[in-house]
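> Now for the letters of each chain:
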Amino acid sequence: GLLSDAKNGKMNRNQYDTDVSTWSPQGKLHQVEYAMESVKQGSCSLGLVGKDFVVLAALKRSTGDLASYQKKLFKIDDHIGIGIAGLTADARSLATWMRTECLNHKFQYDSPVTTGRLVSDIADKHQEKTQASWKRPYGVGLLVAGYDRDGPHLYQTCPSGNLYEYKAMAIGARAQSAKTYLEKHLDSMPGADLETLVLHSLKALEGPANDKDVDVKNACVAVVGKNQPFELLEGDALEPYLRQLK
Amino acid sequence: MAPGQYSTDPKQHTLSPIVTGATVIGMKYKDGVILAADTLASYGSEARYKDVCRLKKVGEYTLLGGGGELSDFQYLSDQLDEMADEDWLNEDGCFMGPKEYSSYIGRVMYNRRSKFNPLYNQFVVVGKKKDEPAHLMYVDHQGTAFEENFVATGFGMHLGIPLLRNSWRADMSLDEAKALATKCLEVCFYRDCRAYCKIHIGVCNGTSVDISAPIPLNHFWGHGAWTEKRLEDDDPTATW
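Chains as they are written, first to last, in full-length UniProt numbering: chain U, 1 to 246; chain B, 1 to 240.
Hints may contain errors.
Claimed, not checked - Straight-line distance between alpha carbons at most 27 Å, and here's what the computed DSSO-like set of lysine-lysine pairs gives:
| # | chain 1 | residue 1 | chain 2 | residue 2 |
| --- | --- | --- | --- | --- |
| 1 | U | Lys226 | B | Lys130 |
| 2 | U | Lys106 | B | Lys56 |
| 3 | U | Lys106 | B | Lys57 |
| 4 | B | Lys130 | U | Lys51 |
| 5 | B | Lys115 | U | Lys106 |
| 6 | B | Lys50 | B | Lys178 |
None of these hints come from the bench; they were simulated from the model.
Given only the sequences and the hints, what does the whole structure look like? Please build it.
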């Protein structure tokens with residue numbers, strides 16, 4: 001990727017990458033691509049969709065034995081939650097905005113906001129920052145899990161302002177190994193119960209974890225779905241699932 | 001005033017209505033909910049506009065019935081149409097229903113009253129969205145908002161509600177509900193000086209929202225007490 005190229009001295013730092021409002025002759029906005037690199041540097045977050053549920057899972061990083069583990073999964077509303085990869089500060093800013101939108105919508109319309117519309121507005125927010133020279137793109141990717149009147153949904157947002165809906169997806173460091181696992185088990189997900197989906201999400205984290213263990217300290221899971229408001233599973237709550245994976 | 005002059009009076013908003021609609025009746029029935037209102041817009045005590053429809057379809061599943069200032073009803077109707085268009089433009093299969101619209105209208109009405117610039121109306125917002133339960137909400141110019149099985153605004157509150165309390169049932173058929181609403185508006189026509197003998201009935205049944213053509217009401221004036229002279233001819237003070 002770009003970072004390894006920069007380390008190898010292969011990267012083409014050029015006169016078109018100083019600000020986001022400058023196109024390169026190849027038709028790229030380099031600042032947006034560098035922002036997406038920031039997402040790739042974050043630890044892995046993944047999500048998968050079953051018939052009635054969406055499950056998010058992530059590997060939390062810690063700076064050392066004395067430190068806490070960085071929060072990766074956030075509740076936005078009873079029916080929506082996010083997993084992040086990249087600049088946590090940017091993620092918290094977006095999460096606060098999303099929470100306010102959800103609250104305002106519930107107050108005005110006595111009804112939970114449609115996940116797809118909320119995510120569409122986030123994508124527009126991202127795009128704004130790519131068309132102004134005095135701003136910078138958000139340096140975070142979100143996996144937005146929501147359960148609406150028309151069922152479960154998983155969306156990915158990107159610093160570029162692009163928006164994607166997925167059946168399963170992983171972002172962050174070594175996400176490809178998680179994606180490979182998810183692809184392999186994709187067909188079994190619609191028919192799987194919630195416990196199986198959670199087990200899949202934890203098993204999928206093993207690839208990105210590399211040689212380290214996936215344990216109660218560095219893993220986190222969240223579920224949302226039919227008759228299941230958004231719920232975080234952390235620490236000891238993960239123990240029964242992790243035991244099954246051994 | 002001359003150009004450049006400014007008023008030294010404090011800023012004031014209109015607080016008394018000019019062209020007004022009277023009663024609106026709403027009630028749930030077995031398969032949904034109906035709304036009924038007469039076709040009169042009064043100009044004070046003058047029965048000025050006699051062919052006005054005070055019911056409006058909002059979005060896909062909702063009906064709005066308005067009593068009070070007609071221009072405010074029209075203003076809000078236009079705003080709601082814009083909201084419905086934006087809803088449709090999302091093209092995601094999700095549409096706002098009566099719950100969302102009635103909650104939104106309630107918030108608008110309360111906010112306007114809090115700024116001392118009310119929309120001078122009593123609204124009944126009804127609807128049924130597919131398999132969701134039927135919804136019926138009363139919202140007025142003070143921001144009062146509540147959900148009920150049947151409501152009436154204006155004079156209908158005094159004349160119609162007692163009739164509704166006696167006869168309303170949750171499992172009423174559409175014809176029974178229409179008959180009960182018609183009866184309430186008939187009584188209103190007899191006793192409310194601002195009411196009229198032509199009505200609209202709107203029906204929301206989960207799949208469609210329909211407002212009827214104008215329906216004339218029956219009314220009888222041939223009572224003996226009013227047609228026979230009762231006082232003596234040689235009484236100079238007799239008037240009837």
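> Does Lys106(U) lie within 27 Å of Lys115(B) when you go C-alpha to C-alpha?
It holds: about 22 Å lies between the C-alpha atoms, which stays within 27 Å.
> Decide if the proposed pair is consistent with the structure: Lys226(U) and Lys130(B), CA atoms, cutoff 27 Å inclusive.
Holds. Lys226(U) to Lys130(B) sits at ~19 Å (cutoff 27 Å).
> Below or equal to 27 Å on CA atoms is what counts here, so check Lys130(B) against Lys51(U).
22 Å, holds
> Between Lys106(U) and Lys56(B), does the CA-CA distance stay at or below 27 Å?
25 Å, holds
> Need the status of pair Lys50(B), Lys178(B): alpha-carbon distance at most 27 Å?
Since the Cα atoms of Lys50(B) and Lys178(B) sit roughly 21 Å apart, the hinted pair holds (cutoff 27 Å).
> Take the C-alpha atoms of Lys106(U) and Lys57(B), compute the straight-line distance between them, and say whether it is at most 27 Å.
Status holds; Cα separation ~23 Å.
The structure is consistent with each of the numbered hints, conforming to all of them.
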